[in-house]
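Colleague: Each chain, written out:
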Amino acid sequence: MIKNYFKIAWRNLSKNKGYTAINILGLASGLAVCLLISLYIVDELSFDRYNLNADRIYRVDADVKFGGNEQKLAVASDPMGATLKKDYPQVEEFTRIYTSSGSKMIKKGNELINEERVANADSTFFDVFTLPALTGNTKTALNEPNTVVITESSAKKYFGNVDVLGKTVEADKILYKITAVIKDIPKNSHFNFDFIFSMKNVDYQFGNFLSMNFQTYILLKEGTDYKVFEKNFKQVIDKYILPQAKQFMNIKSMDDFRNSGNKLEFSLMPLTAIHLHSDRFPELSANGNIQYVYIFGAVAFFILLIACINFINLSTARSAGRAKEVGIRKVLGTERKNLIAQFLAESILMVTISLIIGVAGAYFALPLFNNIAAKSIDISNILSKQILPFFIIVPFIVGLVAGSYPAFYLSRFNPVTVLKGKMNAGFKKDNLRSGLVVFQFFTSIILIIATVIIYKQLNYIQTANLGFNKDQVLIINGANALANKDEAFKNEVLNLPGVTSGTMSAYLPVVSSRSDNSYSKDAVMDPQNALSMQTWIADYDYMQTMEMQIKLGRNFSKDFGEDSSALIINETAAKVLGYDNPIGKKIYTNYQDQNSTRLISYTIIGVVKDFHFESLRQNIYPLGFRLGHSNGLISFKVSTADVKSLIKKIETKWKSIAPEMAFSYRFMNESFNNIYQAEQRVAKVAITFSILTILIACLGLFGLVTYMAEQRTKEIGIRKVLGATSVNMVTLLSKDFLILVSIAAIIAFPVAWWAMYKWLQDFAYRISISWWVFVMAALVALLIALLTVSFQAIKAAIANPIKSLKAE
Amino acid sequence: MIQLKKVYKYYNSGSKKAYVLSDISLDISAGEFVSIMGPSGSGKSTLLHILGLLEESNDGEYLFLGENVSHLTEKKKTELHRNQIGFVFQAYHLIDELTVYENIETPLLYKGLNSSERKSRVAELLDKFNIVGRKDLFPSQLSGGQQQLVGIARAIAGNPKVIFADEPTGNLHSDQAIEIMQLFKKLNEQEKVTIVQVTHSEHNATYGNRIIRLKDGLVVQ
Numbered sequence: 016m017i018k019n020y021f022k023i024a025w026r027n028l029s030k031n032k033g034y035t036a037i038n039i040l041g042l043a044s045g046l047a048v049c050l051l052i053s054l055y056i057v058d059e060l061s062f063d064r065y066n067l068n069a070d071r072i073y074r075v076d077a078d079v080k081f082g083g084n085e086q087k088l089a090v091a092s093d094p095m096g097a098t099l100k101k102d103y104p105q106v107e108e109f110t111r112i113y114t115s116s117g118s119k120m121i122k123k124g125n126e127l128i129n130e131e132r133v134a135n136a137d138s139t140f141f142d143v144f145t146l147p148a149l150t151g152n153t154k155t156a157l158n159e160p161n162t163v164v165i166t167e168s169s170a171k172k173y174f175g176n177v178d179v180l181g182k183t184v185e186a187d188k189i190l191y192k193i194t195a196v197i198k199d200i201p202k203n204s205h206f207n208f209d210f211i212f213s214m215k216n217v218d219y220q221f222g223n224f225l226s227m228n229f230q231t232y233i234l235l236k237e238g239t240d241y242k243v244f245e246k247n248f249k250q251v252i253d254k255y256i257l258p259q260a261k262q263f264m265n266i267k268s269m270d271d272f273r274n275s276g277n278k279l280e281f282s283l284m285p286l287t288a289i290h291l292h293s294d295r296f297p298e299l300s301a302n303g304n305i306q307y308v309y310i311f312g313a314v315a316f317f318i319l320l321i322a323c324i325n326f327i328n329l330s331t332a333r334s335a336g337r338a339k340e341v342g343i344r345k346v347l348g349t350e351r352k353n354l355i356a357q358f359l360a361e362s363i364l365m366v367t368i369s370l371i372i373g374v375a376g377a378y379f380a381l382p383l384f385n386n387i388a389a390k391s392i393d394i395s396n397i398l399s400k401q402i403l404p405f406f407i408i409v410p411f412i413v414g415l416v417a418g419s420y421p422a423f424y425l426s427r428f429n430p431v432t433v434l435k436g437k438m439n440a441g442f443k444k445d446n447l448r449s450g451l452v453v454f455q456f457f458t459s460i461i462l463i464i465a466t467v468i469i470y471k472q473l474n475y476i477q478t479a480n481l482g483f484n485k486d487q488v489l490i491i492n493g494a495n496a497l498a499n500k501d502e503a504f505k506n507e508v509l510n511l512p513g514v515t516s517g518t519m520s521a522y523l524p525v526v527s528s529r530s531d532n533s534y535s536k537d538a539v540m541d542p543q544n545a546l547s548m549q550t551w552i553a554d555y556d557y558m559q560t561m562e563m564q565i566k567l568g569r570n571f572s573k574d575f576g577e578d579s580s581a582l583i584i585n586e587t588a589a590k591v592l593g594y595d596n597p598i599g600k601k602i603y604t605n606y607q608d609q610n611s612t613r614l615i616s617y618t619i620i621g622v623v624k625d626f627h628f629e630s631l632r633q634n635i636y637p638l639g640f641r642l643g644h645s646n647g648l649i650s651f652k653v654s655t656a657d658v659k660s661l662i663k664k665i666e667t668k669w670k671s672i673a674p675e676m677a678f679s680y681r682f683m684n685e686s687f688n689n690i691y692q693a694e695q696r697v698a699k700v701a702i703t704f705s706i707l708t709i710l711i712a713c714l715g716l717f718g719l720v721t722y723m724a725e726q727r728t729k730e731i732g733i734r735k736v737l738g739a740t741s742v743n744m745v746t747l748l749s750k751d752f753l754i755l756v757s758i759a760a761i762i763a764f765p766v767a768w769w770a771m772y773k774w775l776q777d778f779a780y781r782i783s784i785s786w787w788v789f790v791m792a793a794l795v796a797l798l799i800a801l802l803t804v805s806f807q808a809i810k811a812a813i814a815n816p817i818k819s820l821k822a823e
Numbered sequence: 524m525i526q527l528k529k530v531y532k533y534y535n536s537g538s539k540k541a542y543v544l545s546d547i548s549l550d551i552s553a554g555e556f557v558s559i560m561g562p563s564g565s566g567k568s569t570l571l572h573i574l575g576l577l578e579e580s581n582d583g584e585y586l587f588l589g590e591n592v593s594h595l596t597e598k599k600k601t602e603l604h605r606n607q608i609g610f611v612f613q614a615y616h617l618i619d620e621l622t623v624y625e626n627i628e629t630p631l632l633y634k635g636l637n638s639s640e641r642k643s644r645v646a647e648l649l650d651k652f653n654i655v656g657r658k659d660l661f662p663s664q665l666s667g668g669q670q671q672l673v674g675i676a677r678a679i680a681g682n683p684k685v686i687f688a689d690e691p692t693g694n695l696h697s698d699q700a701i702e703i704m705q706l707f708k709k710l711n712e713q714e715k716v717t718i719v720q721v722t723h724s725e726h727n728a729t730y731g732n733r734i735i736r737l738k739d740g741l742v743v744q
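For the record, the sequence lines run as chains A and B. Throughout the first sequence, residue numbering follows the numbering used here, covering 16 to 823 in sequence. Throughout the second sequence, residue numbering follows the numbering used here, covering 524 to 744 in sequence.
Incorrect hints may appear among the rest.
As the list claims (entries may be wrong) - The list that follows gives simulated cross-link-like pairs (lysine-lysine, DSS-like), each with its CA atoms no further than 27 Å apart:
| id | chain 1 | residue 1 | chain 2 | residue 2 |
| --- | --- | --- | --- | --- |
| 1 | A | Lys339 | B | Lys684 |
| 2 | B | Lys658 | B | Lys599 |
| 3 | B | Lys540 | A | Lys18 |
| 4 | A | Lys339 | B | Lys642 |
| 5 | A | Lys339 | B | Lys528 |
| 6 | B | Lys642 | A | Lys352 |
| 7 | B | Lys658 | A | Lys18 |
| 8 | B | Lys599 | A | Lys339 |
Hint data in this document are derived by calculation from the structure and do not stem from the laboratory.
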């Protein structure tokens with residue numbers, strides 16, 4: 016019997032090739048997208064779970080608000096980890112990661128390579144994280160200073176093999192002994208280092224509870240509730256942090272501190288939550304976002320749903336064609352359950368074929384998808400245990416869902432009505448089918464609107480007036496490697512044609528160094544009048560190169576001797592300080608020596624127009640510039656059509672000054688765009704998927720209209736004989752669908768508006784949602800529907816009426 | 524074998540009842556070959572549908588094999604269609620997606636016969652109707668007469684007690700019609716299958732041994 020079901024199913028599918036192709040294609044693309052997104056979600060959810068103790072590892076995070084500046088930090092002070100382990104038996108182990116400048120110059124032969132994936136870590140690093148060694152003993156590897164643990168790839172990169180135990184690595188001119196080689200850190204890890212140096216080599220004023228610079232992880236003993244454990248931080252603050260704070264701040268108690276609008280709180284972030292839930296500073300790599308996991312999940316679900324809806328729509332539309340067969344079978348004595356089984360067999364067969372095509376499609380689309388989503392998912396993941404059930408369960412669920420309606424619908428037919436040929440009216444008045452078409456277009460229109468608004472917002476970010484000009488700025492990385500020849504290099508490059516100005520500063524309004532300090536309006540550091548402010552070091556040419564605008568006062572100038580204690584602040588800082596005209600006012604800080612209570616004073620000489628130095632998701636915070644030497648990066652404003660050859664010339668200069676240093680550069684606008692990678696990724700995925708959704712929806716509509724036209728051939732024939740024109744016929748056939756699409760648009764508008772309103776709330780600087788986006792989306796949907804419908808409608812309308820009438 | 528007692532069939536048209544059949548009482552014994560005749564709209568097809576359990580009467584009693592079948596469950600009806608009743612249609616109503624062989628096999632599948640039983644029964648019928656050579660063709664590849672042969676083979680495949688034929692030769696030209704009618708006669712005489720046919724043709728009616736004439740829903744003779 017089962018064999019018979021599938022045989023008939025196969026005959027039916029091959030007989031109606033067009034129908035089968037439309038249905039299978041729609042479902043296959045739905046399944047392929049669903050599969051790709053599932054792979055993406057599984058990958059996102061798998062972060063850091065390779066650690067055997069993943070569910071017991073927590074990062075210590077700090078929330079600090081001081082002087083009007085609120086910071087959510089992913090780091091804690093250096094004594095925090097050890098203190099927690101000493102005072103609380105629940106803490107089994109702790110480890111810290113320190114990434115000061117974020118890169119090290121490592122020597123390979125005669126060449127120096129700027130390695131960015133470097134960190135210093137405590138010797139306990141490998142006790143907390145599961146990073147198996149190929150050679151060496153990771154338990155003791157980082158016990159001594161001048162030791163380093165490297166990964167398999169970097170061993171191969173620098174030495175050609177992994178047998179490198181005891182050999183040395185020269186990093187920033189210091190020799191380190193390789194004490195272990197570990198397997199490469201899995202890609203789905205929130206940190207990814209190639210070199211892990213001993214913490215003993217970190218040059219730092221240890222013991223300061225107020226300065227947060229260490230990613231600190233604790234391993235809690237089994238059965239410890241981390242939420243309960245977090246309550247201990249209050250004790251830590253009172254016992255250790257408050258006494259230190261009292262030394263250079265005028266506070267008596269934490270209540271005092273809080274009452275003046277400040278905040279110091281610590282919390283624990285579960286390791287497995289970091290990738291998707293942590294949006295703090297500084298993260299060790301660009302994290303994902305749980306919101307996008309939800310969005311993608313929803314998109315996958317809706318695409319699959321739309322594909323299923325197509326299936327249901329086409330099957331029921333075709334029901335009249337199958338009605339005769341159902342009637343005969345009933346007369347021959349089949350039971351309803353046999354008929355249902357047969358239709359389900361048909362849909363499961365179709366879903367299985369779709370799945371095979373879908374998997375093949377996903378296989379070929381994976382490189383493209385990896386590219387768009389910035390992932391490196393391997394195709395072998397399809398066979399992982401999270402995805403495999405997909406292959407077994409999905410065909411049955413989708414087959415059952417998609418096949419059950421036609422199955423029950425068709426098997427309900429009364430054989431006499433069918434065999435008497437009265438089954439023609441079944442098509443038009445089907446509310447369910449209309450509802451499904453509305454739903455498809457509802458989803459499509461929302462996706463179109465979302466895509467346009469996301470695109471507009473991203474475009475806005477890229478063209479917004481940032482307060483500086485990011486275009487045509489070439490940034491030379493690792494310029495500190497030039498040591499005292501940096502000025503010479505800068506001047507030589509400035510002499511090249513096509514270079515208009517240059518500035519030396521490690522602080523740029525894109526990813527680069529940051530330095531946050533506390534300031535006070537008075538000569539006493541009092542939380543009441545303190546101001547936390549970014550302090551950037553710049554040279555005379557900084558404002559000019561970045562094209563920043565001085566609103567009040569003046570820029571740094573060689574004509575004024577005292578500029579070493581001069582400060583240029585941004586408008587926000589001026590506002591927070593409460594000065595209408597801050598020029599000439601003094602401001603105090605202790606920043607040159609964290610442990611000293613001695614304050615030094617600066618004089619405000621200028622106010623720079625506010626510029627965005629973090630993502631446009633954030634507001635602009637107070638910032639000040641002081642004059643100084645900061646040679647991490649050199650930026651040049653260039654104006655030439657042939658940037659390539661200019662870069663070649665700059666490289667030649669570089670090589671002539673520092674032949675052993677690797678030359679590395681980036682463009683400021685590219686670097687700027689990196690800040691919005693996550694959004695751009697989402698935008699690309701959203702655009703791709705909305706196009707796909709619309710395509711699938713149209714495929715369904717196309718199939719539906721085809722059947723409708725087929726159904727109404729007799730009606731069309733009669734109408735034509737009576738003198739209807741082709742235009743009349745197209746209108747007749749299209750009208751119903753256009754009404755459905757219009758209804759879909761009206762329902763979609765508020766939903767889309769609300770969703771996009773929510774999304775835009777993430778951006779401190781955002782576009783307003785304009786009405787024309789909605790009108791346009793609706794028009795696009797209508798147009799697409801009209802094109803699809805009229806193609807079939809015209810075909811039916813221009814057919815010779817005699818043929819259709821004879822056939823009856 | 525078949526007994527109708529005061530059977531009525533009507534449709535509600537507005538406030539009035541439009542009677543299709545009224546006060547029909549008849550008796551058909553096993554082994555009879557009965558022709559139902561009458562002009563268009565006289566209710567003969569409806570009568571055949573009621574006899575074949577495809578429609579229910581509004582009033583009256585219907586005994587099939589001595590059992591009251593006026594109001595049966597779907598399941599019971601299916602049971603009778605499988606085992607006791609065969610249908611032959613004017614438009615043949617073969618399943619287009621199935622071959623000749625498979626069309627004949629279908630009722631046997633529903634009867635639950637195993638594969639070898641089905642094979643021998645289908646082979647027997649193909650042989651008997653002389654269509655062995657066409658067993659792998661699809662209905663669209665056959666002439667009308669050939670399709671109706673398959674239709675009859677399918678109708679008797681399950682060894683029914685009675686065959687209801689609704690204008691079985693209505694779509695055929697006369698040579699083919701004669702062939703089909705002779706086949707019915709043979710089935711009736713040699714295999715003792717009861718046959719009830721609806722026909723327009725007086726000539727076709729002569730193959731049977733009794734004629735029931737209808738006019739405006741009433742038995743006139």
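Colleague: Hints first: check each against the structure and report whether it holds.
Modeller: Each hint tested on the structure:
Pair hint Lys339/A plus Lys684/B holds up; C-alpha atoms about 25 Å apart against a cutoff of 27 Å. Of the supplied pair hints, the one linking Lys658/B and Lys599/B is violated, its CA atoms being roughly 32 Å apart against a limit of 27 Å. Restraint check for Lys540/B and Lys18/A: not satisfied, since their Cα atoms lie roughly 48 Å apart, outside the 27 Å limit. The straight-line distance between the Cα atoms of Lys339/A and Lys642/B is roughly 26 Å, inside the 27 Å bound, and the hint therefore holds.
Restraint check for Lys339/A and Lys528/B: not satisfied, since their Cα atoms lie roughly 32 Å apart, outside the 27 Å limit. Restraint check: the Cα-Cα separation between Lys642/B and Lys352/A comes to about 25 Å, which is no more than 27 Å; the hinted pair holds. Of the pairs offered as hints, the one joining Lys658/B and Lys18/A holds, with about 19 Å between alpha carbons and a cut-off of 27 Å not exceeded. For the proposed pair Lys599/B and Lys339/A, the alpha carbon gap of about 22 Å is at most 27 Å, so the pair holds.
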